[in-house]
Amino acid sequence: MSNGTLEIKAISGHRGGTPGRGVSRDYDVCKLVDTTTCIGCKACEVACVEWNGYDFRQTTFDNFYQTMPETAWNFWNLIKFNEVETENGLQWLMRKDQCMHCEEPGCLIACPADGAIVQYTNGIVDFNQEHCIGCQYCVTGCPFNIPKFNTETKKVYKCTLCSDRVGAGLEPACIKSCPTGCLHFGSKEDMLGLANERADQIKRETSHKNAGVYDPSGVGGTHVIYVLHDKDKAEQYGGLPQNPTVPFFVTMWKGPLKWLGGFGMAAGVLGVFMHYIRFGPKEVDKQEEVKQ
Amino acid sequence: MSGGVIARPTAATSEDQIVRYTFIERAYHWINAITYTYLLLSGLALFTPYLWWMASVLGGGGTIRFWHPWVGLVYLVTILWMHTKWKRDMKSIPQDEKWNKNIKNYIENRDAAMPPQGRFNAGQKQFWWVMLYCTFILLVTGIIMWIPEKMPPGFHWVLPIVVFIHSVTALVTIAAFIIHVYMSIWMTPGSMKAMTGGYVSTTWARTHHRLWYENILRGRNGD
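So the sequence lines, in the order shown, correspond to chains A and B.
Residue 130 in the numbering used here sits at position 130 of the first sequence; the count goes up by one each step and never skips.
Going from the second sequence to the numbering used here is simple: count from 1 and add 1000.
If you are wondering where the hints come from, they were derived from the structure by calculation, not from laboratory data.
Be aware that one or more of the hints could be misleading.
As the list claims (entries may be wrong) - Taking lysine-lysine and the BS3-like style, the derived pairs with C-alpha atoms no more than 27 Å apart in a straight line are:
1) K209(A) to K176(A)
2) K9(A) to K155(A)
3) K1098(B) to K282(A)
4) K9(A) to K203(A)
5) K1104(B) to K282(A)
6) K282(A) to K1101(B)
7) K1087(B) to K1193(B)
8) K1087(B) to K1101(B)
9) K231(A) to K258(A)
10) K1104(B) to K1193(B)
11) K258(A) to K42(A)
12) K1091(B) to K1104(B)
13) K1150(B) to K282(A)
14) K1091(B) to K154(A)
15) K155(A) to K1087(B)
16) K258(A) to K233(A)
17) K1101(B) to K1091(B)
18) K1098(B) to K1087(B)
19) K1098(B) to K1085(B)
20) K155(A) to K258(A)
21) K282(A) to K1193(B)
Stated by the list, open to error - Stretch by stretch, here's where chain B covers chain A in the computed footprint (C-beta under 8 Å, at least three residues):
22) 12–24
23) 142–156
24) 168–177
Glycine included, each C-beta is placed from N, C-alpha and C at the ideal position.
Modelling step: build the complete structure from the supplied sequences, incorporating the hints.
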């Protein structure tokens, strides 16, 4: 949902510049998820649904604790439970899955509808359902499988990072609900500092010698970052891509192809016009004269 | 209608007129042309923000997102119908190779240097096959883009490739379409009349499609 109090940095499907960009000061916000202290209580799932005013979805039971297989149009925050065999025995991993709020958002790059997706100066990527046309190009562009389509409304939905709350100076709802303090919210700078400090502590005091921070550079960094027990094994946290990028063919499609296509069409029209003024039409009578 | 018939329209003309396209052929052609134009405009609106304004002209983004696939199916049906009707005339003949080699002369209107052609010349045949094969590619990629929500998340990685192929293929048809429209309206006088009224003059037929014309003459003379 769009937020009038936040400054817009980028607009989907928009030609030319972004009105108002850079006129006011705002700092990058960031959510920090420390997977090493998450206990999988799902309070954040409930807080998310409560704050955003959705009905509780039917849950599924797949012989483990996860509420449902993946996030849904009205269920933006899902704890992914993963059991991983290690040399030290079973490791039970819990990761809060939601929109990562990429600095280079593939959804926004792919979206054709003017203003359906906006990126605020503070880094939040938000969907404006009133401008959404339901084409799901955002699904095509997202490396995290986040945007979810509602077949009834023909619109796409996802986590807003509580842009409505943040715009009013509040923390996201999930942050408020976390009982272990594994969720933090603040400026990107502060959160990165806290995350690195925590990762160092884990490396120093536990057997997780490869602990680290997940802030993937392939999408320009994200405004949701993780502390992982093993920063090189992101995939084991329920399909978190190790090196996510905006898909190559999306960048080709919305980059060179867009310009080549536009230029090519203009050149084609110009070309046939030039042919007309150079060679003109094939007058049948004239042809006959040449021939006979 | 590769056989063709000699007909004398009610309007008084000094020349024989030849039926080039029957009513049903013209009807399918124009339904196909109108649907293609809609697909072109709505598709371009989704392709680049600089043409997004065309979505407003066509009723808004949600409207074109809904209609584009359905109109595409109408386009598909009419092009398939035309194919069953014209595929015999679209087959390559020995003269086509010479025609292709001489294409520069055709472009520069030195038509006397061109080999005689059948109902459709080699260029029209190329246009036809480009549009037909591109239609199949657009169909397959388009169906996936129509209902991506039916696709398991594990296959989402194909979506960027599919969208890219759909766009490239559409651009190929646009190149062909620009040439087709230019040639019919401006470059070859008489051909638009063939697709609106159905008739061409014998001179026109003899000049542009001599083999077809001779075939019709033989038919008229009862050979």
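Tested hints:
1. K209(A) to K176(A): Violated, because 30 Å separates the two Cα atoms, which is more than 27 Å.
2. K9(A) to K155(A): Roughly 23 Å separates the two Cα atoms, so the pair holds.
3. K1098(B) to K282(A): holds, 20 Å
4. K9(A) to K203(A): violated, 37 Å
5. K1104(B) to K282(A): Judged against 27 Å, a Cα distance of about 14 Å means the pair holds.
6. K282(A) to K1101(B): Measuring from Cα to Cα gives roughly 19 Å; hence the hint holds.
7. K1087(B) to K1193(B): holds, 22 Å
8. K1087(B) to K1101(B): holds, 23 Å
9. K231(A) to K258(A): Outside the cut-off at roughly 37 Å; violated.
10. K1104(B) to K1193(B): holds, 26 Å
11. K258(A) to K42(A): This hinted pair is violated, its Cα atoms lying about 43 Å apart.
12. K1091(B) to K1104(B): holds, 22 Å
13. K1150(B) to K282(A): violated, 51 Å
14. K1091(B) to K154(A): violated, 44 Å
15. K155(A) to K1087(B): violated, 42 Å
16. K258(A) to K233(A): Not satisfied, since the Cα-Cα distance of roughly 36 Å exceeds 27 Å.
17. K1101(B) to K1091(B): holds, 18 Å
18. K1098(B) to K1087(B): holds, 21 Å
19. K1098(B) to K1085(B): holds, 26 Å
20. K155(A) to K258(A): Roughly 25 Å between the alpha carbons, so the hint for K155(A) and K258(A) holds.
21. K282(A) to K1193(B): Holds, at about 15 Å.
22. 12–24: Per the Cβ count (3), the hint holds.
23. 142–156: holds (count 4)
24. 168–177: violated (count 0)
Taken one by one, the earlier hints fail for this structure at numbers 1, 4, 9, 11, 13, 14, 15, 16 and 24, listed in ascending order.
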